[in-house]
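Just so you know, the protein sequences line up as chains A, B and C, in that order. Every position in the first sequence, counted from 1, becomes a number in the numbering used here once 40 is added. Every position in the second sequence, counted from 1, becomes a number in the numbering used here once 47 is added. Every position in the third sequence, counted from 1, becomes a number in the numbering used here once 276 is added.
These aren't lab readings, by the way, just hints derived from the structure by calculation. As the structure is a computational prediction, the values presented were derived from the model and not from experiment. Treat the hints loosely; a few may be bogus.
Incomplete in silico selection of chain A near chain B, CB under 7 Å [said to hold, decoys possible]:
#	residue
1	C69
2	V325
3	E329
4	V494
Every residue gets a Cβ at the ideal spot worked out from N, C-alpha and C, and that includes glycine.
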Amino acid sequence: MSGMKQYETVIGLEVHVELATKTKIFCGCSTAFGGAPNTHTCPVCTGMPGSLPVLNKQVVNYAIAVGLATNCDITRKCKFDRKNYFYPDNPQNYQISQLYYPICRNGHVDITVNGSQKSVGIHEIHMEEDAGKLIHDNWLDASLVDYNRSGVPLIEIVSEPDMRSSEEVIAYLEKLRTTIQYLGASDCKLQEGSMRADVNLSVREVGAKQFGTRTEMKNINSFKAIAHAIAGETQRQIELLEDGKKVIQETRRWDDNKGASFPMRSKEDAKDYRYFPEPDLPPIVISQEWIDRIKSREPEFKEEKQARYQKEFGLTEYDADILTDSRKIAETFEKAAAICGNPKKTANWLMDDTMRLLKDHSMDPEDIRFSPEHLAALVKLTDSNTINSSVAAEVFEKIFTDDIDPDKYVEEHGLKQVNDAGALEETIRGIVAANPQSVADYKAGKKKAIGFLVGQTMKAMKGKANPGMVNQILTRLLEE
Amino acid sequence: MAHVIDDETIDYVGILAKLELDGEEKEKAKKDMAQMLDYVDMLNELDTDSVEPMTHVFPVNNVFREDVVTNGDGSEEALANAPEKKENQYVVPKTFV
Amino acid sequence: MSLMNLTAVELGRKIRAKEVSVQEAAQASLESIDAKEDRLHSFITRIDRKKVLARADEVQKKIDAGELTGPLAGVPVAIKDNMNTKGVLTSAASHILDNFVPRFSATAVERLEQAGAVVVGKTNMDEFAMGSTTETSYFGPTANPFDTARVPGGSSGGSAAAVSGAEVPYALGSDTGGSIRQPCAYCGATGIKPTYGTVSRYGLIAYGSSLDQIGPIAKDVSDCAAILETIAAPDEKDSTSVARDSYAFTKSLTQGVKGLKIGIPRDYFGDGLDPEVRQKVLAAADVLKSEGAIVEEFDLSLVQYAIPAYYLIACAEASSNLERFDGVKYGYRTKDYEELHQMYKKTRSEGFGPEVRRRIMLGSFVLSSGYYDAYYLKALRTKALIKAAFDKAFARYDVILGPVAPTTAPKMNSSLSDPLKMYLSDVYTVSVNLCCLPGLSLPCGLASDGMPVGLQLIGDCFREDNLFRAAYAYEQARGPIMSPFAREEAEK
Ligand SMILES: [Mg+2]
Ligand SMILES: [Zn+2]
Numbered sequence: 041m042s043g044m045k046q047y048e049t050v051i052g053l054e055v056h057v058e059l060a061t062k063t064k065i066f067c068g069c070s071t072a073f074g075g076a077p078n079t080h081t082c083p084v085c086t087g088m089p090g091s092l093p094v095l096n097k098q099v100v101n102y103a104i105a106v107g108l109a110t111n112c113d114i115t116r117k118c119k120f121d122r123k124n125y126f127y128p129d130n131p132q133n134y135q136i137s138q139l140y141y142p143i144c145r146n147g148h149v150d151i152t153v154n155g156s157q158k159s160v161g162i163h164e165i166h167m168e169e170d171a172g173k174l175i176h177d178n179w180l181d182a183s184l185v186d187y188n189r190s191g192v193p194l195i196e197i198v199s200e201p202d203m204r205s206s207e208e209v210i211a212y213l214e215k216l217r218t219t220i221q222y223l224g225a226s227d228c229k230l231q232e233g234s235m236r237a238d239v240n241l242s243v244r245e246v247g248a249k250q251f252g253t254r255t256e257m258k259n260i261n262s263f264k265a266i267a268h269a270i271a272g273e274t275q276r277q278i279e280l281l282e283d284g285k286k287v288i289q290e291t292r293r294w295d296d297n298k299g300a301s302f303p304m305r306s307k308e309d310a311k312d313y314r315y316f317p318e319p320d321l322p323p324i325v326i327s328q329e330w331i332d333r334i335k336s337r338e339p340e341f342k343e344e345k346q347a348r349y350q351k352e353f354g355l356t357e358y359d360a361d362i363l364t365d366s367r368k369i370a371e372t373f374e375k376a377a378a379i380c381g382n383p384k385k386t387a388n389w390l391m392d393d394t395m396r397l398l399k400d401h402s403m404d405p406e407d408i409r410f411s412p413e414h415l416a417a418l419v420k421l422t423d424s425n426t427i428n429s430s431v432a433a434e435v436f437e438k439i440f441t442d443d444i445d446p447d448k449y450v451e452e453h454g455l456k457q458v459n460d461a462g463a464l465e466e467t468i469r470g471i472v473a474a475n476p477q478s479v480a481d482y483k484a485g486k487k488k489a490i491g492f493l494v495g496q497t498m499k500a501m502k503g504k505a506n507p508g509m510v511n512q513i514l515t516r517l518l519e520e
Numbered sequence: 048m049a050h051v052i053d054d055e056t057i058d059y060v061g062i063l064a065k066l067e068l069d070g071e072e073k074e075k076a077k078k079d080m081a082q083m084l085d086y087v088d089m090l091n092e093l094d095t096d097s098v099e100p101m102t103h104v105f106p107v108n109n110v111f112r113e114d115v116v117t118n119g120d121g122s123e124e125a126l127a128n129a130p131e132k133k134e135n136q137y138v139v140p141k142t143f144v
Numbered sequence: 277m278s279l280m281n282l283t284a285v286e287l288g289r290k291i292r293a294k295e296v297s298v299q300e301a302a303q304a305s306l307e308s309i310d311a312k313e314d315r316l317h318s319f320i321t322r323i324d325r326k327k328v329l330a331r332a333d334e335v336q337k338k339i340d341a342g343e344l345t346g347p348l349a350g351v352p353v354a355i356k357d358n359m360n361t362k363g364v365l366t367s368a369a370s371h372i373l374d375n376f377v378p379r380f381s382a383t384a385v386e387r388l389e390q391a392g393a394v395v396v397g398k399t400n401m402d403e404f405a406m407g408s409t410t411e412t413s414y415f416g417p418t419a420n421p422f423d424t425a426r427v428p429g430g431s432s433g434g435s436a437a438a439v440s441g442a443e444v445p446y447a448l449g450s451d452t453g454g455s456i457r458q459p460c461a462y463c464g465a466t467g468i469k470p471t472y473g474t475v476s477r478y479g480l481i482a483y484g485s486s487l488d489q490i491g492p493i494a495k496d497v498s499d500c501a502a503i504l505e506t507i508a509a510p511d512e513k514d515s516t517s518v519a520r521d522s523y524a525f526t527k528s529l530t531q532g533v534k535g536l537k538i539g540i541p542r543d544y545f546g547d548g549l550d551p552e553v554r555q556k557v558l559a560a561a562d563v564l565k566s567e568g569a570i571v572e573e574f575d576l577s578l579v580q581y582a583i584p585a586y587y588l589i590a591c592a593e594a595s596s597n598l599e600r601f602d603g604v605k606y607g608y609r610t611k612d613y614e615e616l617h618q619m620y621k622k623t624r625s626e627g628f629g630p631e632v633r634r635r636i637m638l639g640s641f642v643l644s645s646g647y648y649d650a651y652y653l654k655a656l657r658t659k660a661l662i663k664a665a666f667d668k669a670f671a672r673y674d675v676i677l678g679p680v681a682p683t684t685a686p687k688m689n690s691s692l693s694d695p696l697k698m699y700l701s702d703v704y705t706v707s708v709n710l711c712c713l714p715g716l717s718l719p720c721g722l723a724s725d726g727m728p729v730g731l732q733l734i735g736d737c738f739r740e741d742n743l744f745r746a747a748y749a750y751e752q753a754r755g756p757i758m759s760p761f762a763r764e765e766a767e768k
């Protein structure tokens with residue numbers, strides 16, 4: 041339509057990441073997931089009168105590490121502030137966060153979308169505490185509060201409004217996720233809420249200099265939902281503008297089931313947080329030595345690894361990309377390949393069977409539990425023809441689920457490939473004798489009939505026969 | 048400069064502070080707050096433009112804990128004083144609409 | 277003469293010498309409380325007699341076994357009701373916490389108990405320590421032991437009255453803007469607000485976090501030093517606690533004042549100071565001079581700005597600190613409500629008294645959008661200027677000497693009607709909290725109305741030693757001051 045205006049979507053993200061510390065940010069309570077309600081609590085994280093916060097040093101280490109990996113300036117003297125708002129998931133009715141002197145500022149990450157590179161600015165990263173969990177109780181028609189998550193450390197990564205599409209947003213989030221996972225600072229699981237994104241979105245006419253009025257969408261917990269939410273909100277805002285209405289600056293909740301966002305405002309929720317410096321916590325002074333120490337421990341990140349895999353192991357760009365998507369997979373690959381000396385085969389196990397099994401078990405690559413030693417042993421068993429490929433696939437499933445030792449497993453279950461030509465010939469002769477029709481078919485030119493006979497042989501050998509030898513012997517006998 | 052606190056302001060502060068003031072009390076609160084603000088306006092006599100706000104007086108920095116679990120099951124202690132509880136959780140008016 | 281007329285250190289000495297048993301000391305305190313509470317009402321909670329005596333027995337055994345050898349072992353004590361005491365109601369004198377029984381004790385209380393203290397009760401105070409008269413307590417006011425028609429001061433009025441009335445040898449108080457020093461002045465007791473960070477705040481129900489400090493309220497300076505030595509220590513649970521070079525406060529007592537430089541700020545003796553108070557305080561300065569101190573007048577400057585800066589900071593911090601009282605986790609919850617925010621509002625409006633509500637409203641306002649810079653930041657900048665003025669003064673003087681309060685204790689029911697006027701009476705005490713300084717209050721005689729007058733000694737940060745030197749020297753020259761209630765106890 042010629043009269044239709046062209047719009048551009050402008051997106052910035054606030055990403056909350058739960059840090060992988062053992063204890064909460066301000067008390068010695070465990071951050072372990074699960075646990076009966078309120079069992080991981082103490083006077084500090086339940087807001088008891090008289091309790092005081094004490095900062096977990098590891099939180100600062102992780103925040104600095106993420107800041108360095110995202111090219112931020114580290115604030116040499118940073119401080120905590122209180123953000124005041126009443127809500128039952130927050131036992132003190134204030135959240136200890138950072139406003140005035142966040143630990144990291146002015147960073148950026150580079151993303152690639154459809155082959156073109158783009159830099160997304162990071163406005164700041166600050167440290168703060170997570171809130172507790174509220175669940176609805178139907179019987180009481182009330183809410184129940186569990187403070188096990190209250191005080192779990194978070195960093196909030198605030199981007200600049202630099203993104204223009206859901207593809208860019210997802211590329212940015214994936215970049216953050218792999219970077220943070222490589223640092224070991226968080227497992228970054230969207231489903232479990234250890235990585236959460238709030239989307240700030242506005243639209244404007246293409247070519248406009250000024251940003252439009254933005255809304256903030258919360259409660260989005262998968263990449264798919266993020267893409268839906270961006271599409272939905274973009275559409276809603278464009279429709280408003282087309283109708284000559286205004287976009288209201290507000291916080292909205294994305295409901296992925298309904299495929300729509302809803303305003304969260306209430307007249308009782310004035311968005312006026314009355315931030316002021318937290319008097320219970322002294323400032324944090326970060327020295328150059330401290331920064332250098334963390335920098336020196338930085339791991340090899342995905343991009344460098346990917347390039348190295350192509351060069352060192354002759355892997356394709358595509359394969360190297362998949363292997364390095366998860367730090368856990370990459371680590372497993374490197375260790376296993378070093379032990380077995382067959383990087384290609386190792387890579388195949390990780391890219392094909394592992395990815396399939398992860399999907400079947402709806403697991404995250406970071407969740408794999410098997411040891412590289414066992415994967416390497418499996419590769420060696422196939423390389424030495426000790427087991428055939430179908431047995432290997434079966435053994436790998438066992439490695440994946442229970443991290444079994446394949447040498448032992450193959451031994452105990454008698455899964456070694458039968459390479460004994462005499463024994464094989466004896467079995468095959470029996471099969472041939474028992475299936476005259478197939479033999480006749482073969483001899484009549486239906487070469488495919490051999491497949492049936494191979495299958496029968498494998499069945500008789502409980503899958504352990506060397507398939508090459510079976511084929512060879514069978515062909516010889518049929519040609520006789 | 049005499050401050051005047053209007054109804055809108057006092058209601059807004061009531062929302063922030065979660066305090067409910069009615070009739071007479073509200074009028075008194077408006078008067079008290081205006082009086083205090085008039086009084087603290089005295090600070091405007093001081094030129095503080097070049098003065099750094101002082102939050103912490105002592106140069107004490109970097110007070111940390113090590114990342115070691117020190118606390119066990121705190122649920123009994125947490126809920127001991129709760130006005131209303133159910134299955135080891137606090138009960139509050141519903142937060143989902 | 278009763279055991280309750282002894283100082284804590286004297287009683288402790290007799291207990292260790294086996295002249296008095298811990299049970300006898302506890303009994304004497306319980307009996308004195310029984311005899312006087314109708315008239316004084318120093319306590320919100322009196323600990324069950326049987327429990328007190330059982331605790332006394334336990335302490336006696338430890339003393340006998342040589343496990344407890346400190347100066348306070350076996351001595352009864354009262355604790356201000358804003359410090360958590362495990363298993364004992366801790367209300368902060370508020371309706372909103374009038375059923376709150378904490379499961380842990382404040383570090384300061386724990387340290388006293390480890391030293392063999394026998395806690396006999398929790399003392400009355402202004403609600404959440406907000407007030408200067410103990411009249412804002414939900415549990416009703418405390419009377420002044422020198423004149424029961426007058427207030428004991430506040431907010432640690434119950435602690436000061438219990439000590440002055442010889443109900444206990446000593447007590448703990450807390451001081452956010454003068455809450456130890458001013459009731460000590462009004463009740464003829466001796467108390468010290470230590471340098472910020474000296475005593476752990478863990479377990480103290482916060483009012484103004486950057487200002488609050490726990491300290492002793494006692495009969496004399498030696499007791500204050502001994503008590504402070506017992507409760508002061510760095511605490512890993514309080515990030516603002518400070519590891520000091522020295523905690524040997526008692527050592528300074530007898531060092532004398534020869535050569536000690538004492539500055540008298542002219543600003544503390546201007547309009548509004550009662551002439552009799554001025555005369556008594558200046559007479560105390562003369563005594564110190566005659567003992568060998570060098571006494572000079574000087575201009576401290578900025579004194580009038582301390583109160584507005586203080587109230588802005590204290591109310592802002594309080595508005596946030598008191599957000600946790602919401603009817604969800606502990607304490608009072610309103611009976612009738614339909615939804616969450618109504619529950620919050622009704623709970624808090626019914627649970628907090630008028631003075632607390634007033635300060636929360638002011639604090640919330642000055643932090644709100646658009647006002648933060650003009651009020652809160654302005655106050656923090658003013659604080660920096662005031663601190664610089666004190667730094668300058670302490671470059672020249674070891675001790676700053678002045679009054680604690682402009683007048684002696686006012687009559688009951690005369691203060692709350694004009695809040696601003698009540699705030700103004702804190703003019704000499706609040707700078708000490710703003711600047712984290714130590715301040716000691718001790719009586720310097722009685723005015724013609726028979727009420728005690730308080731002398732305040734202010735030191736540089738971490739220089740309590742100078743305060744103890746001066747206060748002890750002055751006290752030796754002054755002689756004892758007793759309230760009618762203490763005299764009644766002595767005549768038993
Ligand atoms: Mg945040
Ligand atoms: Zn905790």
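### Task
Find the hints from earlier in the document that the structure breaks and name them by number, from lowest to highest.
3 and 4
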